Amino acid sequence: MIVAQNLHKTVQTLAGDLHILRGVNLKVAAGDSLAIVGASGSGKSTLLGILAGLDVPSEGRVLLDNRDLNGLDEEARAELRAETLSFVFQSFQLLPGLSALENVMLPLELQGHRDARERARESLAEVGLAEREDHYPPQLSGGEQQRVALARAFVNKPKILFADEPTGNLDAVTGSRIIDLLFNLNKKHQTTLVLVTHEQRLAERCNGCLVLEAGTEISVESMTASAHTEGASAAC
Amino acid sequence: MLSLRLLVRNLRSAEVRILGLATLMAVALVSSIALFADRLERGMEAQSHAFIASDRVVRSNRQIPESWIAQAQGASLRTATTTVFSSMVFHGDSSHLASVKAVGEGYPLIGVLETSDQPFGDGEVREHRMGPAPGEVWVEGRLFPILQLNVGDHLEVGETQLRISQVLVSEPDRGQGFMNFGARVLMHAQDLPSTGVLQEGSRASFNLLLAGEEESIDTVLANLQPGLSVHERVIDVAKAQSRIARNLKTARNFLMLASVFGVLLAGIAIAMAAQRFCSRHVDQVALLKSLGVVSSRIRQLYLGQMLWLGAIAGGIGLALGFLLQMVIAESLSSLLTVNLPAPGLIPSLLGLMAGFLCLLFFALPPLWPLPKVAPIKVLRRETPVASTAGSIQLIVGFLSSFCLLWLYTGELAMSGAVMAAWAGVALVATGLAILFLRLLGRHAAQLGSQWRLAIASLKRRRAETHLQVVVFGTALMLLATLLLVRGSLLEEWRLQLPADAPNHFVVNLSPAELPEFEGLLAERALSHSGLYPLVRGRLTHINGEDAKARALAKAEAEAEAEQAAGERGPSEAPEAMTRELNLSWTSEVPEGNSITDGVWWAADSREVEVSVEQEFAKWRDIALGDELTFSIGGLSLKARVTSFRSLRWDSLRPNFFVLFSPGALDDYAPMYMTSLYAPADGGRFVADLVRRHPTALVIEMEKIFTQIRSVIDQVSGSVQLVFWLVFLASMLVLMASVHASMDARTQEVGLLRALGSSRRLLRHRLWIEFAALGALSGLVAALGAESLLWGLQRFVFDLTWQPHPWIWLSTPVFGAVVIGAFGAWSCRHLLSLPPATVLRQAA
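Protein chains in written order, with UniProt numbering: chain A, 1 to 236; chain B, 1 to 843.
The set of hints was computed from the structure by calculation and includes no laboratory data.
The structure presented is a predicted model; accordingly, all values stated were derived computationally and were not measured.
Ideal placement from N, C-alpha and C gives every residue a C-beta, glycine not left out.
Please note that a few of the clues may not be correct.
[Stated by the list, open to error] Not everything, but these chain A residues come out facing chain B in the computed CB check (under 8 Å):
hint	residue
1	S45
2	A78
3	R81
4	F89
5	G97
6	E109
[Stated by the list, open to error] Listed next, the in silico DSS-like pairs over lysine-lysine satisfying Cα-Cα at most 30 Å (straight line):
hint	chain 1	residue 1	chain 2	residue 2
7	B	K618	B	K548
8	B	K372	A	K157
9	A	K27	A	K159
10	A	K188	A	K159
11	B	K249	B	K618
12	B	K372	A	K159
The following block holds chain A by itself, in its conformation from the complex:
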């Protein structure tokens, strides 16, 4: 489902070139889950962005659902994202001006689904927030906001779900409930899951694990470890 080969990402800064990723390889099969772990600034989110086609690598290539992202321009990548992917973010990324229901409806409306409202209601019910569909994000707790985000992520039945620190802004108890919900939904919808986390217990629930070393450098061990992720084993 996802194949990354020799991914490099370099950005130019005033202090010179900054290498964020150096030759990352990975392969995730359909229905599998992969945790990307590492300290802050290790390049986890950059890697996630490149895998999801939100950003482009300086070198290397990504195959997403058997399509080479290198051959696609931003517009084509956007279309691929619309057909294939969904996201869950650390900061939830709910639109504050929209109610819970409207936030969940948004991806369906953008794809022109006429039954957006009904499907969004079902999805909110799945995360246990049917009663709060008219509430706005500032009126919801952090855990509730992330549940709305999960409902939005699964509402258009994506093939792949990318989650960026989904419990990063939540307390331990709430975070654990969100993890349960995420994996239940993932199982139910047979979604391929790639998540970035620095939480051990979350990484352990994935089939595979890729460790990025602290700082911008990727350690050889990690890369080796990354090679192991091709199978079902975890290096975490």
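Chain B: place on chain A using the hints.
This is chain B only, laid out in the frame that chain A set:
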């Protein structure tokens, strides 16, 4: 439809509401003026055939010869005669200088007269195809309260009494879009001799109205033409309308200028709100992109939202514009003599277009880079976002304002000049804002911590502060200037007159009446400012050259020069150059006159000499030594120019453009005029005077002042309405600006609250900040208004400048209170939230 749904959801956020309100304001401003002007223009056009109550009018200053009427009737034309003159009319002890029209059989030839049983449109309106019967008069409604009249009462006109049988509502040939000062009294021509008001040499306009086949009219006029003197002219609809149309266009352009200024302010509010909208939507766009929405679709979605917003806000703005133009029409109703048709479609579209253009021109530049937000921003918040450079936004804003001005006034040169003037005002106001802010900053430290914090906040947002001072300063300046012009200019002029300045003009005294007139004055211990003989005549030739042809050639040369220079200079129409003049003679230089060039005639001069007012001479290219030919009552008189004079028009004495040497006009049956001071006595002196001298015309300056004031009040009421809207537009700029700074303010308030500042202290701080902003703007406005007034008094009205101390106090106080209250109100929710919530929001 997704755009509409998104817009409806986005309407919950303040910046979209500001975008909507500003668009609404722009549409309301432009459509109200465009709709009203269009109704007025169409109303006049619709009445154009009835405009002169006939197809053609031959106008003369002497009785229409019977032979002309016979000639017209012989050619199967319908004819009627009217005589229009000013005369005092009485009821009991009350008097009024009315505009009397005596109409003969057949009047009106085209159009209808409308009357009612009750003044002020209370009764049923009836249409008539003929004027009042002999012995009756129809009187305009506004005369009823002035003279305490009732229908059925008798009105004294000269030596006769006529019964008021109807209230005159409208007449087809009132002649102008706006009224003459005197109220109309319509009587039958048969009663005219019994009034004894008109004598040889009396000032009146005698009209022969013609209607019928166009060919027959042309034939009759072609026959009459050779016999017409310079004192007679033929009027057709186009000629009657051209002057009014020109005045209307000027008025329309002035109001349009004010409303486009309001649109510009709305545009500034739109640009600021769009900037905020853009920064708030960066995350949304990044999210949409992560959800797979392509850039072009995002552009389409946002453009769609703007268009929907334009349509919805524009629709509401149009409805508001509709109401406003009704208010304007209503407030001017007593000045208008035109029936206004229903509002039209084109000005409505023009108004809507203003909203769309304003929204697109001002909102698009900040919004343009939005679809280019990188999708990775959803993960990496530090990813930079492209934005349109401020300089580009400024240039686009400036150019679009210019385009809007040009579009709505149709005057390229004027639009350029106005833009330059606005830029100049903005620069000066910015300079003042910088200066005042610096002064305030220097002294704030001594005023305590609240002041220091408030002034620091103003200084931190320096650019916004300057912009707001410019915006409010200009809007307040317009309002203050209007209030000054409306309230005090006329009064100040009157105050500058000596207490015993003449307050009555008496015209139309025959030489035989002079001893009795002087006797009357002596009885009452009054004195006049000199009796001047008066004959009416036209300047026909200058050095043997036709004066009208000269005027035409001069006008053409000026038009060419204007075209070459791309500007418009003052110029008089050729008709005005050869209009009928009041001519007089005197042996001494009159008081208030001074010789600027040449020599005043000697007492024993035998030659016919003239002294010409210097401006009058300048516009007609008259030089010393020129020979002027006048036509007086059909006779020709030649005179040599031997001096130029300057004179004080506000001396309230008889003033003349052309004065002859003594005896030159003896043969032309002069009437006499003078001015005098008579203390207020409830009108008894005037009543006595006119009863003893029924042909005399007394012009009471007090009544003229009252009438001028009433016209100024009504016109300025409408202008003021537009200016208040402009001020409201400036409040939108404040709203947008406060909103743009809301994140930073939230953080500040949260921090200060966390550090233990009380709600009261923070409220005071906000009040001080906005009140200081308002006071600064008020100070700029006072300075601007005072400068404008100085210019008006010095250069336009030729008055001595007087300071207006109250404006220096009231404008800053008004600014401080209104802007202070509005600003503090805009931030009120920050104070009511717990500090933790405020800080979380800011985060």
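Do the numbers back the hint for G97 (chain A), that is, is its least Cβ distance to chain B under 8 Å?
holds, 5 Å
May I ask you to test the interface hint for S45 (chain A) with respect to chain B, counting a Cβ-Cβ separation under 8 Å as satisfied?
Given a least distance of 5 Å, the restraint on S45 (chain A) holds.
Would the pair K372 (chain B) and K157 (chain A) pass a check requiring their Cα atoms to be no farther apart than 30 Å?
Status holds; Cα separation ~27 Å.
Holds or violated: is there a CB of chain B closer than 8 Å to the CB of F89 (chain A)?
holds, 7 Å
Any CB of chain B closer than 8 Å to the CB of E109 (chain A)?
holds, 6 Å
Would the pair K27 (chain A) and K159 (chain A) pass a check requiring their Cα atoms to be no farther apart than 30 Å?
OK: K27 (chain A) and K159 (chain A) at ~15 Å, within 30 Å.
Hey, does the R81 (chain A) contact hint survive, CB to chain B under 8 Å?
At about 4 Å, which falls below the 8 Å cut-off, the nearest Cβ of chain B leaves the hint on R81 (chain A) intact, so it holds.
Going straight from one Cα to the other, do K249 (chain B) and K618 (chain B) come out at no more than 30 Å?
Roughly 28 Å separates the two Cα atoms, so the pair holds.
Quickly compare the C-alpha distance for K188 (chain A) and K159 (chain A) to 30 Å and report which way the hint goes.
holds, 12 Å
Pairwise hint evaluation, K159 (chain A) against K372 (chain B), where the allowed Cα distance is 30 Å at most:
holds, 27 Å
If you take the shortest Cβ to Cβ gap from A78 (chain A) to chain B, is it below 8 Å?
holds, 5 Å
Straight-line Cα separation of K618 (chain B) and K548 (chain B) no greater than 30 Å?
holds, 15 Å
Going down the numbered hints, you'll see the structure goes against none, and every one checks out.
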